[in-house]
Amino acid sequence: MHLKLVLVGLAFILTLIGCKKDEIKLYPEGLIGNWISPEYNDSLVTFTRSNSLIDQDYGLAFKTGSKLVERKNAGWCGTPPITYADFEGTWAVSDSIIYISVGYWGGLAEYTWKLISLDSDYLTIARLEEKYQH
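In the numbering used here, the protein residues as written are 4 to 137.
Treat the hints as calculated values from the structure; they're not laboratory data. Glycine included, every Cβ here is placed at the ideal spot set by N, Cα and C. Hints are not guaranteed to be accurate.
Restricting the straight-line Cα-Cα distance to at most 25 Å, the calculated cross-link-like pairs of lysine-lysine (DSS-like) are [unchecked claim]: (1) 117 with 70; (2) 66 with 134; (3) 66 with 117; (4) 134 with 70.
Simulated restraints on C-beta separations [said to hold, decoys possible]: (5) 109 with 32: 30 to 36 Å; (6) 78 with 32: 17 to 23 Å; (7) 123 with 77: 17 to 23 Å; (8) 96 with 76: 32 to 38 Å; (9) 80 with 120: 30 to 36 Å.
Sequences and hints are given; from them, build the entire structure.
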């Protein structure tokens, strides 16, 4: 009876381990990829991982070599219909802080974000600072 209880317990533990959500442990390498569909909650933003950026919608592509593409509004007017364009930039990480420098229609944008969570499907950041230089 004791052996049967141990085997059932072991099977239960293995099942829990096998069903654990696939987390990306290689930070910052786990950032590399396309992130779309931002959902805003105060200063927190949650992005969904995607195979590609969506035409005519906001998204970020973290690339190897600290390169970045941000697809965003191509002009100063935010009233629909909005035209989107890809702006190139760079990214860097220090501890859990993500630094982004990227062009925009009027000059250069600099973002400082704190990584809140990252897994195979979602990226959640806190917007600490966003500066726009003309």
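These are the hints, each one checked on the structure:
1. 117 with 70: OK: residue 117 and residue 70 at ~18 Å, within 25 Å.
2. 66 with 134: Since the Cα atoms of residue 66 and residue 134 sit roughly 22 Å apart, the hinted pair holds (cutoff 25 Å).
3. 66 with 117: Measuring from Cα to Cα gives roughly 18 Å; hence the hint holds.
4. 134 with 70: The given pair, whose Cα atoms are some 19 Å apart, holds under the 25 Å limit.
5. 109 with 32: 30 to 36 Å: holds, 32 Å
6. 78 with 32: 17 to 23 Å: Between residue 78 and residue 32, where Cβ atoms are some 34 Å apart, the hint is violated.
7. 123 with 77: 17 to 23 Å: 31 Å Cβ-Cβ, so the 17 to 23 Å window is violated.
8. 96 with 76: 32 to 38 Å: Roughly 26 Å apart at Cβ, these two residues miss the hinted range, so it is violated.
9. 80 with 120: 30 to 36 Å: Holds: the Cβ-Cβ distance is about 34 Å, inside 30 to 36 Å.
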